[in-house]
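**Student:** Sequence lines, in order, name chains W and Y. Just so we're aligned, residue 1 is where the first sequence starts under UniProt numbering, counting upward by one. Just so we're aligned, residue 1 is where the second sequence starts under UniProt numbering, counting upward by one.
It is worth saying that the hints were derived from the structure and are not from the lab. These numbers were taken from a predicted model, which means no experiment stands behind them. Watch out, some of these pointers could steer you wrong.
Once the Cα atoms are required to be at most 25 Å apart in a straight line, the calculated PhoX-like pairs of lysine-lysine come out as [claimed, not checked]:
1) Y/Lys-394 x Y/Lys-342
2) Y/Lys-574 x Y/Lys-181
3) W/Lys-499 x Y/Lys-571
4) Y/Lys-262 x Y/Lys-387
5) W/Lys-499 x Y/Lys-618
6) W/Lys-468 x Y/Lys-571
7) W/Lys-499 x Y/Lys-181
8) W/Lys-468 x W/Lys-408
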Amino acid sequence: MNYYLSFNHVDRQGIVVGDRFKNFRTRLNLETTITPFLKVGTHTNFASRNEGFLQADWGQSAIISPYGSNNIDDLSSPYRRLPTGDVTPVNPFFDNLYRDRVDRTNTLNATLYGVVTLPFGIEFQSNFTPSLAWREYYNHDSARNPEWAARGGSAERTFERTYNWQIDNVLRWRQTFDDSHQVEVTLLQNAEKGQFWRTKATSSNFVPSDVLGWHRIQAGTVPLNESNDTYRTGDALMGRLFYSFREKYMLTASIRRDGYSAFGAQNPRATFPALAFGWNFSSEEFMAGTQNWLDHAKLRLSWGRNGNRDIGQYEALSDMTSGLHPYIDQSGNIYLYSQLYVNRMANLGLKWESKSSYNIGIDFGLFQNRISGAIDVYTATTNDLLVDRALPEIIGFNSVAANLGELKNTGFEFTLNGHVVRRENFNWNTSFIFMQNRRKIVHLYGDMVDITDDHGNVIGQREADDIKNRWFIGQDPDRIWDYERIGVWQINEEAEADKFGLQPGDFKYKDQNGDGVMSDEDRIFQRYRTPRFRWSWRNDFTYQNFSLSFFIYSNWGQTETFNRAANNSSFPDRATDYVLDRWTESNPIDNYARIGSKNIGNNYVDQSFVRLENVTLSYAIPNRLLERLRVRSLRVSAAVRNAVFWAPHWNFGDPETGRKINGDNDPAGSPTPRTYNLSLNFSL
Amino acid sequence: MKSSNTLIYHIVLGIGTLLIAAGCGKDWLQPEPLSFYAPDVALSNAEGMYSALTACERNMRHEFFGDGAPILTEIIQSEVAVEGTTDKAGPQMNMDIALLPDANLNSENTTRVGWYWYEGYKGIKYANLIIARIDNATFKDEAERNAILGAAYFQRAYRYFKLVHQFGDVPFLDWEINEPKYDFYSYDRWSILERLKKDLEFAYQWVPESVDRGRTSKAACGVLLMKVAMALSDFDRAITVGKEIVAKHPLMRTRFTSNRNKPNTNLMFDLHSVEAKLDMSNTEGLMYVVAYPEAEGSDRIQTMRNAVPFWNNGGIRTPDGATGTSVAIASDETDPSLDLNKSYGRGIGRLRPTWYYSNMIWRADKEGRDLRGMHNRDSWKRMEDLKYNNPSLKGKNSWYGKNLVKNPSMSPEDTIRLWYSWPHFKVFVPDPLQTTWAGGETPWYIYRSAEVYLLLAECYYWKDQPGLAAEALNEVRTRAGAEPLTAAHINIGEILDERARELYYEENRHVELVRIAYTYARTGRPCEIFGGRIYQLDQISGPGGTNANVKQEGINFWYDRVVSRSNFYNKGVKHAWAEYKVSVHHILWPVPANAINTNLKGRINQNIGYPGAERNVKPLVVPEEDTVLGPKDES
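Okay, chain W solo, but in the shape it has when bound (with noise of 0.2 Å):
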């Protein structure tokens, strides 16, 4: 019998007030073999995570103007709740006096399994995996803020529960002959199934009062009960054959068949095989003259296609939403009646989206390993990708969910491991990646339009593009395509700029067709909005009892958003922002706009980054010490973590995080914290 457990504990706070996490773990793993071809065994995990802590709204405190006072203490201050007088900035403290908030969620996973050892190397295990997950959200907003009072305190309790499991069958089969002949085969029957329950329960204007809160919610006058339930399957069939020759010449074929509930009306399954070949050539014979430089080479080749089913469990079906709406009978008194209306176009053929990918690779070892790495090279395609396909802006229904088009994918990889330096007081060894991948659009809905002159004479068809999604033929899906930025609005140039309703000091775009209005004809293909490539480097040295670890990441080629450079995301006459730098007629700028412009397209920036995200340094204690101690071994550490990033045209926070709000990256949202770790390690 083997058994493993654990107990984890976290209570962690953040950097804004208010703002902690607490989260409790406990893990039980048990095995035991009952005969010598029999072993059962379970791995067990329970979390319970409380979330229900209040977070000060960082959004405001950049807002309130220096000059506002905080007075929430003093309760007969008009300035308690709004430290300017104005009613935009808002005491980000003030609301969370009166509020009193639970959000616990508890967890319980669990894996089964039984392994039968059968004789001619057959092994059978079966795996039951039940996940079970409670949420209670309790929340009540007192009536003694004077902002709530009205609504006579509001509580709400939530409570969700989910019960998902899984059942897997395997049966493997390994087997070798003569020495030489590799086989193994595995044989894998899978089945699924998710559900979800909801209730929610809300009461308002408690009478006598709501100092219970959401504890007697029966006290609310206004109640409203609310529940979603959801319901979802999979199976699937999976086959795998696994043929080696000495380790040298290697075969995968397998072939499987899924099935989703989402796809359930017309097209339930899916078939999806593949292929792999491995070729271990070094151990050719006609390789033997490398052999003094050359530890390993091998070369892979394959072809195979996987299914997508990444969509919610009903996008295929119509939905009639229901809603209450109040009337007035004919004495004269409110009740409420059910509204029905169809919320979703339905597309009963919806079917998996499927990828088939062609990857060519090399892993090598050098010079007794001390360089080793691989490079990949791969181009995948995907096709009826699942995407909402946008509809006239008339039928009522904004898009329906499909299967369209073909996107085509490719890319290279490249690892390098190295030991730069291997003595014996001295190691140093570095790790390298770097990826880079490319998307194109190669088909959409297959709809084909006229392609016309200048005189409206049609000379051709094309397919037609979505340009309300921004997907168009022949481009990366992640292909900016919009008005171009060509500065800024300058003096003298106000004629100019009026034909756009625009003033100098704001940003100027340009009308590419010089017809006097912005439209989509002015619209034209930019930069991306992903990185165009990512690499990262890692390098640990020891010396002696001494090791230092750093880990530089970066990615480079994307752009993001920048409105907030047009210094209109709040009133200047009644709230502060954060320090930008602007246009004035005195520092005639071209990258921000003076304050309060108006925008009329988007101001894109390069966000390449190079990050150093990790350094740490530790000491391993010297055994002749810890033996007076009795203790194995004690090593001490000091980690940074987000010690560093540069990024040269970016310079508003952290280029990686942030909330979008308005499609800018904010950091108003969550800035990310600089973390220091000093940390103790010892086993007895």
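Here the structure of chain W is known, so what remains is to put chain Y in place on it, guided by the hints.
**Tutor:** Only chain Y this time, still in chain W's reference frame:
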């Protein structure tokens, strides 16, 4: 131990068996909706159909409710008011910039022109669901079926009537659409109106007279039938229907509701109060949309936020320069008139009345005693009626509690937004669940008998019967305390003035002006208020051309009316962000570019004067019989 081992062994084998049972089940992957309805089941009886009608009736309400409600756009694109938000760029002031197909056409910070397009077609979708499935459901009798079908016809016509006056020729969708479709074409607006008339005759025949408030009523079908008939110059039919409506739904002429003895109020306060809309003695209301405090599915109307001046702005100062006003009052203040928030609501001045609406139409000799007018100091409020109430002034500054005084050096931004008079009786709606009063949950009129009289008056005008026109106008005028008019006074201006007096924040002012503009152009009748000018139908949007922005009188009645009465548009009025401008082609609004772009295989026409109109094709014609998208009658 041995026995428990066997047990586990059984469990393992049991799992394998369970899988085979589950995985091979025929219905295993059948999707199973648990918490939403499928249309075929939900719409199989009258209850389901009434629920589908509720979606239409709820969607109607959105036009009038909320911050920057869509109705403001209808008022701003006319001569009675302009957009007053002067602290930023974007709101619809310079229409040459704001009304473009690629501009943001559906935001409270710009314009809600696009709202009428998107939500109009949504309302049409909700109604078509009923129309297409009416014969799949079972009903008690023919009358029940036809009442529901008639109400659905009304709901569809209600949207199309707006669309053909806002966007001219538009796609005509008359059936449920279940699959992606990309080949729509615009239809001739006159042929759409003909179809609406036919549908509304059916509705007027079958929809019951007496319905719960919030439901579609026979009288509502009648009012819309009148408007459609008038748009088609069938004034006789409109008069017949109008007379039938007012016979059954007389105006309220005496004070009513529990407020009847409230000081500083009058009949007009009663008529527009929340209580009046729940009062069964109210015979004037013909159709309502409903919201009510603490009733689920309600919404706040925010009339005061939209229409009351921004008195809470820092620009309102005492003559000695202190911040003058506050939403919160001093905790020990007992004078209710200092609670500006609850007396008037906190406005942000989105809807700035023009001089025409706040002064010109209230003539001392004719409207001096009009309860709806600025001469009545209860009904209308001026900035000077408000008092300095900032708690920090109390006991420290002698201006506390005194009436506001206009700062002579107020900026143009502030005079537009902070300093004007407004019809308090109409826009005041208590907001009991909020601390900042913006205008709370309330029912609202869609149609009242008063409008029917004004439509009757207009019909008599077109029929050259000024005596009867004056008589109809006087019903509304004398009820409100205005002096009666005679046949000699009657002209289109007098009728439009009366509509402004009676129907501010109720009517679709722009739609009505465009309807009249089309009628002049179609009938060729000389327009007496513009020196007998005659308008042409084929040039109603002007000569067109991207960015031509023609500002020439005599092209259409809408432009001439707006420019001649508004003291803002094309008068050089400007502030830091924009100048107030309109052009002749703004009579019709731009079709949103996305609607045109996504319609890959057909052609939705753009209106003349906007970019893209050069690609228009000839609009199709709605056939007299048969549906366009639904089943065709083989006989």
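**Student:** Between the alpha carbons of W/Lys-499 and Y/Lys-571, is the straight-line distance 25 Å or under?
**Tutor:** Judged against 25 Å, a Cα distance of about 18 Å means the pair holds.
**Student:** Mind checking the alpha carbons of W/Lys-468 and W/Lys-408 for me, to see if they're no more than 25 Å apart?
**Tutor:** The given pair, whose Cα atoms are some 21 Å apart, holds under the 25 Å limit.
**Student:** Is Y/Lys-262 close enough to Y/Lys-387, meaning Cα to Cα at most 25 Å?
**Tutor:** holds, 22 Å
**Student:** With the threshold set at 25 Å, check whether the alpha-carbon distance from Y/Lys-574 to Y/Lys-181 stays at or below it.
**Tutor:** Measuring from Cα to Cα gives roughly 45 Å; hence the hint is violated.
**Student:** Taking only the CA atoms, is the gap from Y/Lys-394 to Y/Lys-342 under or equal to 25 Å?
**Tutor:** holds, 19 Å
**Student:** Is it true that the CA of W/Lys-499 sits at most 25 Å from the CA of Y/Lys-618?
**Tutor:** Given that 25 Å is the threshold and the Cα spacing comes to 31 Å, the pair is violated.
**Student:** Taking 25 Å as the top limit, are the C-alpha atoms of W/Lys-499 and Y/Lys-181 close enough?
**Tutor:** violated, 37 Å
**Student:** Straight-line Cα separation of W/Lys-468 and Y/Lys-571 no greater than 25 Å?
**Tutor:** Distance ~38 Å between W/Lys-468 and Y/Lys-571 Cα, so the pair is violated.
In this structure, the earlier hints numbered 2, 5, 6, 7 are contradicted, and the remaining ones agree with it.
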